[in-house]
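2 protein chains.
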Amino acid sequence: MAVLRELFRILILLNPKSKPEMNKHMKNIIVITGASSGFGALTARALAKAGHTVYASIRETKGRNAPQVEEAKKFAKDNNVDLRTIELDVASQASADAAIQKIIADNKRLDVVIHNAGHMVFGPAEAFTPEQLAELYDVNVLSTQRVNRAALPQLRKQRRGLVVWVSSSSSAGGTPPYLAPYFAAKAGMDALAVVYARELTRWGIETTIIVPGAFTGGTNHFAHAGSPADKARAAEYEAGPYKGFADDVLKGFASIVPPDANVEGVADAIVKVVETPFGKRPFRVHYDPTQDGAEVVNAVSDRVRAELLRRIGLTDVLTPRSLAVELQSAAWSSHVEGESNRRT
Amino acid sequence: MAVLRELFRILILLNPKSKPEMNKHMKNIIVITGASSGFGALTARALAKAGHTVYASIRETKGRNAPQVEEAKKFAKDNNVDLRTIELDVASQASADAAIQKIIADNKRLDVVIHNAGHMVFGPAEAFTPEQLAELYDVNVLSTQRVNRAALPQLRKQRRGLVVWVSSSSSAGGTPPYLAPYFAAKAGMDALAVVYARELTRWGIETTIIVPGAFTGGTNHFAHAGSPADKARAAEYEAGPYKGFADDVLKGFASIVPPDANVEGVADAIVKVVETPFGKRPFRVHYDPTQDGAEVVNAVSDRVRAELLRRIGLTDVLTPRSLAVELQSAAWSSHVEGESNRRT
Numbered sequence: 001m002a003v004l005r006e007l008f009r010i011l012i013l014l015n016p017k018s019k020p021e022m023n024k025h026m027k028n029i030i031v032i033t034g035a036s037s038g039f040g041a042l043t044a045r046a047l048a049k050a051g052h053t054v055y056a057s058i059r060e061t062k063g064r065n066a067p068q069v070e071e072a073k074k075f076a077k078d079n080n081v082d083l084r085t086i087e088l089d090v091a092s093q094a095s096a097d098a099a100i101q102k103i104i105a106d107n108k109r110l111d112v113v114i115h116n117a118g119h120m121v122f123g124p125a126e127a128f129t130p131e132q133l134a135e136l137y138d139v140n141v142l143s144t145q146r147v148n149r150a151a152l153p154q155l156r157k158q159r160r161g162l163v164v165w166v167s168s169s170s171s172a173g174g175t176p177p178y179l180a181p182y183f184a185a186k187a188g189m190d191a192l193a194v195v196y197a198r199e200l201t202r203w204g205i206e207t208t209i210i211v212p213g214a215f216t217g218g219t220n221h222f223a224h225a226g227s228p229a230d231k232a233r234a235a236e237y238e239a240g241p242y243k244g245f246a247d248d249v250l251k252g253f254a255s256i257v258p259p260d261a262n263v264e265g266v267a268d269a270i271v272k273v274v275e276t277p278f279g280k281r282p283f284r285v286h287y288d289p290t291q292d293g294a295e296v297v298n299a300v301s302d303r304v305r306a307e308l309l310r311r312i313g314l315t316d317v318l319t320p321r322s323l324a325v326e327l328q329s330a331a332w333s334s335h336v337e338g339e340s341n342r343r344t
Numbered sequence: 001m002a003v004l005r006e007l008f009r010i011l012i013l014l015n016p017k018s019k020p021e022m023n024k025h026m027k028n029i030i031v032i033t034g035a036s037s038g039f040g041a042l043t044a045r046a047l048a049k050a051g052h053t054v055y056a057s058i059r060e061t062k063g064r065n066a067p068q069v070e071e072a073k074k075f076a077k078d079n080n081v082d083l084r085t086i087e088l089d090v091a092s093q094a095s096a097d098a099a100i101q102k103i104i105a106d107n108k109r110l111d112v113v114i115h116n117a118g119h120m121v122f123g124p125a126e127a128f129t130p131e132q133l134a135e136l137y138d139v140n141v142l143s144t145q146r147v148n149r150a151a152l153p154q155l156r157k158q159r160r161g162l163v164v165w166v167s168s169s170s171s172a173g174g175t176p177p178y179l180a181p182y183f184a185a186k187a188g189m190d191a192l193a194v195v196y197a198r199e200l201t202r203w204g205i206e207t208t209i210i211v212p213g214a215f216t217g218g219t220n221h222f223a224h225a226g227s228p229a230d231k232a233r234a235a236e237y238e239a240g241p242y243k244g245f246a247d248d249v250l251k252g253f254a255s256i257v258p259p260d261a262n263v264e265g266v267a268d269a270i271v272k273v274v275e276t277p278f279g280k281r282p283f284r285v286h287y288d289p290t291q292d293g294a295e296v297v298n299a300v301s302d303r304v305r306a307e308l309l310r311r312i313g314l315t316d317v318l319t320p321r322s323l324a325v326e327l328q329s330a331a332w333s334s335h336v337e338g339e340s341n342r343r344t
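Sequence order for the protein chains is A and B.
Counting from 1, one number per residue, gives the positions in the first sequence under our numbering.
Counting from 1, one number per residue, gives the positions in the second sequence under our numbering.
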C-alpha cells in the first residue's frame, strides 16, 4: 500500500494539474452552449482570445446559423485563436452526446463545460400554454441536463473539471411581470446548479454560477422573445386592467438598465473564473448593472445553504476535492500510521 | 357618469364582499389539488372544519384513490362538514377544465384555488433522464398552469379571489443533495407564483405563497419519492466517492427535523390565510420546523423584488386592487372633479 501511495505521489508531482497556480497559463478545452449570439458568442471569443481551445456549440450550423459559423471562423483566423464551432442542439440528447464525444475524441480531455443556451418569452403568464412552459424548461434547463449527462462522465473520469452555469439575476432578485415562464425556468436552472455543485465536488469538479442581470440591448434576448400562444387570453389582459402593461414593463425595465451596461462584462467574468486556480473559483459571480438585488439575496441564500450542509454533516461537499489533496492526505495517513507503528 | 358611479357605490355597499372584516365568517368555495394525502388531505379537512365548501381534488378517484375518496366522505359525514371530492388529474388540461367548470356550475363562483399537488424524486442529479426532469416539472409546475388556466377566468370575472401556492423552503433555503430535479421544479413553481401574483392584483386577486420546510414524516413525500431511471449512472456514484451518500443525506436531513414537527401546521397556516380579510393576507407564510433559512432569504428577496417594481413605476401591482376601492376612487375623482368645476 505504502509503495502504491508513493507512486501516486510521484504521479501527482508529475501532473501539471496538481499545481493550481499554473491554471492561468493552462490551455483549457472548453465547450459552451448557445454560442451563436449574445453572451455565448462573446464568451466563446473572449475565452479563445485568452488562449483556450473553445468549442462554440451551435445548433443548425449548416442551416440558419451557417452565417454565425462563418463569423466565428473569420474571428478565429483574424485573431489567430483556437475558436471552433460544433453542431450541438441542446434539445437533443443524441446531438449533445455526439458533440461531446467528438470534443473528447479530438482532445482526449474536456476541462470546462459552460451552460449558456437559453430562450425567453414575454407576455401574461396565464396566456402561455402548459406546452410553452414545458418548451421553455426544455431549452433553459433540460438542455443543461443533456449536456451534463454527455460530459460529466469524462470530467468525473478525469477527477478534474469546471462547470459554469449562466443563470439569471431573476432567480433571486427583482422579477418584473410578464416574464413568468422564463423566470420559472431560470430559477429551476439555478436550483439545479446549486445541487449539482455538491454532487460533483467529491469527483474533483468545481462549479461556478454566473448571475447576469438584465440587458435590454447587446443580446437578442428581448428581441427574439417568444409570445403567448393563447392570443385570446392575452387580449383579455390588454382589454382589462392590464391595458398597456407590456409597454409599461418594457419601458420601466429599460429605464433602470444603465446606459453603460456592457454585456461583455459577462464574458470577461467567465474568462476570469476559468483562469482562477482550481479550488479557488467563486461559487457565484454577479454581473448586474441594474443591481436588482440578486447579489444581496444570493449572499444570504448561499450562506444558509452552506449552513444546512454543515448541520447535516456534509461540510466536505462544499469544496471540490482535489485528487492531489486526496492522495496526499492518504499518503499522510500512511506516514502517521507508520510513525505510530514505530512508536508502539 | 356621476349617476352610474353612485349606482356602483350602492351596489358595493350591498355586496357583502366589499366588507373585508366579514371574511372570517364567509363560507368560501375552495378547490385544492393533490388532496388524496399529505398536506392536501390535511388542508382540505381543516378548511372544511372551518366551515368552507372544500373540493378536495384527486386523480383516479374511481381507481387507486377510491379509498381516499371514501375516507373523505366519511370525514365529511362524521364531522358534518362540506368536504367534497372531485376528479382532477393535474397532468391533463381537459381534466382540470372539467373539474373547475363543475365547481363553478354548482356554486356560481370560486373563491380560493390552492396549488398543492406535487411529487418528489431522490438520487444523484446526473442519473435522472431529461424526461424525468420534464415529468417532475409537469406535476409540480405545469399542473399549476393548467389549473390556473381553468380557474383564473372565473376569478378575474369576479374581480375577487385568492390563489394559494404550496411552495417549498428549498427554493430559498437549504437544499440537501440528491433532490435536484425536485428542487428545480419547486424553485420554478415559486418563481411562477411570484410573477403571477403581480399579474393578478389588478384583477382583484390576492396571492399567498405557503413555504413548508422539510417533513420526513407525516406525508408520503419521501416514502413515494421517485428514483433515477439511469441505474448504471447512479451506481457509478455509489461505487465512487459518493458511496453511502444517499443514506448520509437522509439521516442528516432527518436529524434536523425536530421530533415535534407537525405537518398539520401547514394546514392550519392555510386556514388562517383563507380567513384573513382580503387585502390583508400575507404574501408568504413560512412553516419550517427545521429552520433551513428560507424565511431569512425570502424576507430579503421579496423585499428587493418589491423594490424593483417601485423602481420601474409599477408599485400598484404589489397589492390586490379591490373593486370597491377602485370604484370609490372613481367616485372620489368625480367628486373632486365636481368641486374643481364649481371653483372655476
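Be aware that one or more of the hints could be misleading.
Repeated chains share a single entry, so a pair holds when one copy, or any two copies, can fit it.
[Stated by the list, open to error] Straight-line distance between alpha carbons at most 27 Å, and here's what the computed DSS-like set of lysine-lysine pairs gives:
1) 102 / 231
2) 280 / 108
3) 231 / 157
4) 73 / 157
5) 231 / 77
6) 243 / 157
7) 49 / 272
8) 62 / 74
In short, the hints are calculated from the structure, not lab data.
Quick rundown of the hints versus the structure:
1. In this assembly of identical chains, residue 102 and residue 231 lie within 27 Å of each other by CA distance solely across copies; the values are 25 Å between and 43 Å within a copy.
2. Proximity of residue 280 to residue 108 under the C-alpha cut-off of 27 Å is restricted to the intra-copy arrangement: shortest distance 25 Å within a copy versus 62 Å between copies.
3. Taking identical chains as interchangeable, the C-alpha atoms of residue 231 and residue 157 lie at most 27 Å apart only when they sit on different chains, with a minimum of 18 Å there against 50 Å within one chain.
4. For the homomeric pair residue 73 and residue 157, neither the shortest alpha-carbon distance inside one copy (31 Å) nor that between copies (57 Å) is at most 27 Å.
5. Within a single copy, residue 231 and residue 77 get their C-alpha atoms no closer than 47 Å, and across copies no closer than 45 Å, so neither meets the 27 Å cut-off.
6. Taking the shortest alpha-carbon separations for residue 243 and residue 157, only the inter-copy value of 16 Å comes in at or below 27 Å, while the best intra-copy value is 56 Å.
7. For a Cα distance limit of 27 Å, the shortest separation of residue 49 from residue 272 inside one copy, 12 Å, qualifies, whereas the shortest one across copies, 59 Å, does not.
8. Taking the shortest Cα distances, residue 62 and residue 74 sit within 27 Å of each other inside one copy (16 Å), while across copies they are farther apart (65 Å).
Checked against the numbered hints given earlier, this structure breaks hints 4 and 5; the rest are met.
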